[in-house]
Amino acid sequence: MREITFGAAVNEAMAEEMRLDESIIILGEDVAEAGTPFKVLSGLVEEFGTERVIDTPISEPGFTGIAVGAAMTGLRPIVDLMFGDFLFLIMDQLCNQAAKTHYMSGGKLSVPMVLRTNMGATRRSAAQHSQSLQALVAHIPGLKVAMPSSAYEAKGLMKTAIRDNNPVVIFEDKLMYNDKAEVPEEEYLINFGEANILRPGTDITLIATSSMVQQAEMAANTLADQNISAEVIDPRTISPLDETTLINSVKKTSHAIVIDEGHQNYGITAEIAARISEKAFYYLDAPVQRLGAMDVPVPFSPVLEDLTVPTAQQIHERVVMVLEGKI
Amino acid sequence: MSNNKDNKNSYLQMFRQMVRIRAFEEQANQLYLSAKMPGLTHMYVGQEAVAVGICEALTPNDKITSTHRGHGHCVAKGADFKQMFCELLGKQEGYCRGKGGSMHIADQANGNLGANAIVGGSAGIATGAALTAKRMGKKEVSVCFFGDGALGQGLLYETMNMAALWKLPVIYACENNLYGEYTKVEEMAAGDLMARAKGFGIESFEVDGQDVLAVNNLTQELVERARKGDGPFFILLNTYRYHGHHVGDINREYYRSKEEEQLWREERDPITNFSQLLVDKKISTSEELKSIELQIEKDAEEAVNYALNAAWPDASEVNMHVFASN
Ligand SMILES: Cc1ncc(C[n+]2csc(CCOP(=O)(O)OP(=O)(O)O)c2C)c(N)n1
Ligand SMILES: [Mg+2]
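Chains A and B, in that order, are what the protein sequence lines are.
Here the first sequence is numbered in the numbering used here, starting from 1 and rising by one per residue.
Here the second sequence is numbered in the numbering used here, starting from 1001 and rising by one per residue.
These are computed hints drawn from the structure, not numbers from a lab.
Nothing here was measured: the structure is a model prediction, and the numbers come from that model.
Glycine included, every Cβ here is placed at the ideal spot set by N, Cα and C.
Be a bit skeptical, because a hint or two may be false.
In silico DSBU-like pairs for lysine-lysine, Cα to Cα no more than 30 angstroms straight-line [as the list claims (entries may be wrong)]:
(1) A/39 to B/1036
(2) B/1036 to B/1258
(3) B/1005 to B/1139
(4) A/252 to A/326
(5) A/180 to B/1139
(6) B/1228 to B/1198
(7) B/1139 to A/39
(8) A/39 to B/1184
(9) B/1228 to B/1005
(10) B/1258 to B/1184
A short, non-exhaustive set of chain A residues, derived as facing chain B with CB atoms under 8 angstroms [stated by the list, open to error]:
(11) 61
(12) 282
(13) 304
In isolation and in its complexed conformation, chain A is listed as follows:
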């Protein structure tokens, strides 16, 4: 099968949907000629024109709000938020307006919009350009949250997001844009709320999101050398969350570690670990473990920054501790 990059997969998903549906527009900073700083949208303005691929001023709350209103009245906007860290600027429009409109209107109004943004540290970009803020939006009822872990997921989840009648936030790992994966030429969608078992195993369940999926797989490889069989699961969307797949796996392996690049305190790892404790407690042979980003602002210095993000080695070590009963 052909291989394309994560960035190209996102681009392809958007282009395909835009060809099918005239009501889709893109709004964001430097999305047109520049194709975004990560060059993910290159070529779209040439095909769809500046009426549909719209460069905005540096006015995040403003253009997000405009997208909400446009979505309520017939367009299907894709908002491009250059860095996930800028979520803090748009929280009112996203969480008070977009997320609640359908409910508050008794189901009469809806907000079919996609907010694509990014996450991930270790690019040496310091505290305001490195955060992984998925927990912040996953906390809000009314928002769906997708976290693609490869080019394949990036395309399938983006297409589903665009067709969804709700506000969907997609977090892309900015270090992954050039990573290639097999992506079929034929059209496909990935349903929200369907986890992917990347690697079946029997001894322990590793539940990992986005950037952490690769780390979990690497750990699973080195663990296999020690005859430890780890099952690696990627939830793909954290809201909705495919609880059934996760719980069934833990019932089988009796051990679980949850890994996500957001801060560990009150994070995605906490939520998933709590659900496992609620639904599979009597099957567990050890406490569920969590690995998230250290609870500090992301430091600039490489020697410090590298300490803040979970790694394959840390996962490996934690698995061994869990299985040896050292937790």
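Given the structure of chain A, go ahead and fit chain B with the ligands onto it with the hints provided.
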């Protein structure tokens, strides 16, 4: 009016500070190109007269807030090369112990409250510093540096409104370098840039940001007035960045022409033009200026070598400074 000797000193000081910024940036760019600097950085080259003209009108107690393109403001406010390069390289001896890097460099002792990686993100901070000055009866002013791109941010207008209502000693310094990233200012800002602050009743001025004397004279006057309670003020400084948006922005022709870049570099360079003026007015000689430049370039090179060999922060630093101690 100061006498001739004072004038000579202050002119040479402005020349020196502009050259220091350029030398700093030249080294920073080389660090990036030789892959010795972590991450990306935004060059201030071309805009030196703005930072220097303004900061030379301030005292160390006056506060500034800066931007992602912040090395120039930092140098102009009195920072030391070694500690700056250490910060850019993420070393322990950096101004922020390596935790902030280029986009968050701050120099508390000299009144620099910090660069900022959020466009427009420091409008509140500068205005808040002015509130402190007023409330505590200090005669200090604060200057909020921001780019034309920040005119898109609502926060700026909220804070300007309050600064005007409360007569705060803050100067909003908008550096219009014609682009925000890869987009022209006229595609991002509707209407008259000068009319914005005026709408709040804030006295507004436009000045050639390549002319360090013009910037300095205007700022001196406004700072003096702001200290007396006549603030806030808005200044629009017309300027240009020679490099790309950041050091990695090499192919720029899809958003601006080589001819335009050449015009600014060759005809409007703040350092070349000021040197010419100093020589023409017999304030200095080209030999004297040249020797100043060479000395500064040497200082910058030494500081870089120092920083390259300086120690990394200890791993224990990672958990430090999340909270201030009580
Ligand atoms: C709130 C916010 N939005 C977007 C960005 C990404 N960004 C960084 S610099 C920049 C352009 C800023 O333009 P301007 O204010 O004119 O400053 P200049 O780079 O020209 O000095 C953008 C869009 C950001 N850092 N913060
Ligand atoms: Mg600009």
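Each hint tested on the structure:
Of the supplied pair hints, the one linking residue 39 of chain A and residue 1036 of chain B holds, its CA atoms being roughly 24 angstroms apart against a limit of 30 angstroms. Straight-line distance between C-alpha atoms of residue 1036 of chain B and residue 1258 of chain B comes to about 28 angstroms, which keeps the hinted pair within the 30 angstroms bound. Among the hinted pairs, residue 1005 of chain B with residue 1139 of chain B is consistent with the structure: their alpha-carbon atoms are about 27 angstroms apart, no more than 30 angstroms. Of the supplied pair hints, the one linking residue 252 of chain A and residue 326 of chain A holds, its CA atoms being roughly 21 angstroms apart against a limit of 30 angstroms.
Pair hint residue 180 of chain A plus residue 1139 of chain B does not hold up; C-alpha atoms about 59 angstroms apart against a cutoff of 30 angstroms. A C-alpha spacing of about 20 angstroms is found between residue 1228 of chain B and residue 1198 of chain B, which places the hinted pair at or below 30 angstroms, so the restraint holds. Using a Cα cut-off of 30 angstroms, the hinted pair residue 1139 of chain B and residue 39 of chain A is violated, with the two alpha carbons roughly 48 angstroms apart. Simply put, residue 39 of chain A and residue 1184 of chain B have alpha-carbon atoms about 18 angstroms apart, close enough for the 30 angstroms limit, and the pair holds.
With a C-alpha separation of about 28 angstroms, the suggested pairing of residue 1228 of chain B with residue 1005 of chain B holds against the 30 angstroms cut-off. Under the criterion of a C-alpha separation no larger than 30 angstroms, the hint pairing residue 1258 of chain B with residue 1184 of chain B is consistent with the structure, at around 15 angstroms. The beta carbon of residue 61 of chain A comes within 6 angstroms of a beta carbon in chain B, closer than 8 angstroms, and the hint placing it at the interface holds. For residue 282 of chain A, the interface hint is violated, the least distance from its beta-carbon to any beta-carbon of chain B being 36 angstroms, above 8 angstroms.
Taken as an interface hint, residue 304 of chain A checks out: its beta carbon lies about 5 angstroms from the nearest beta carbon of chain B, inside 8 angstroms.
Against the hints set out earlier in the document, violations occur for numbers 5, 7 and 12.
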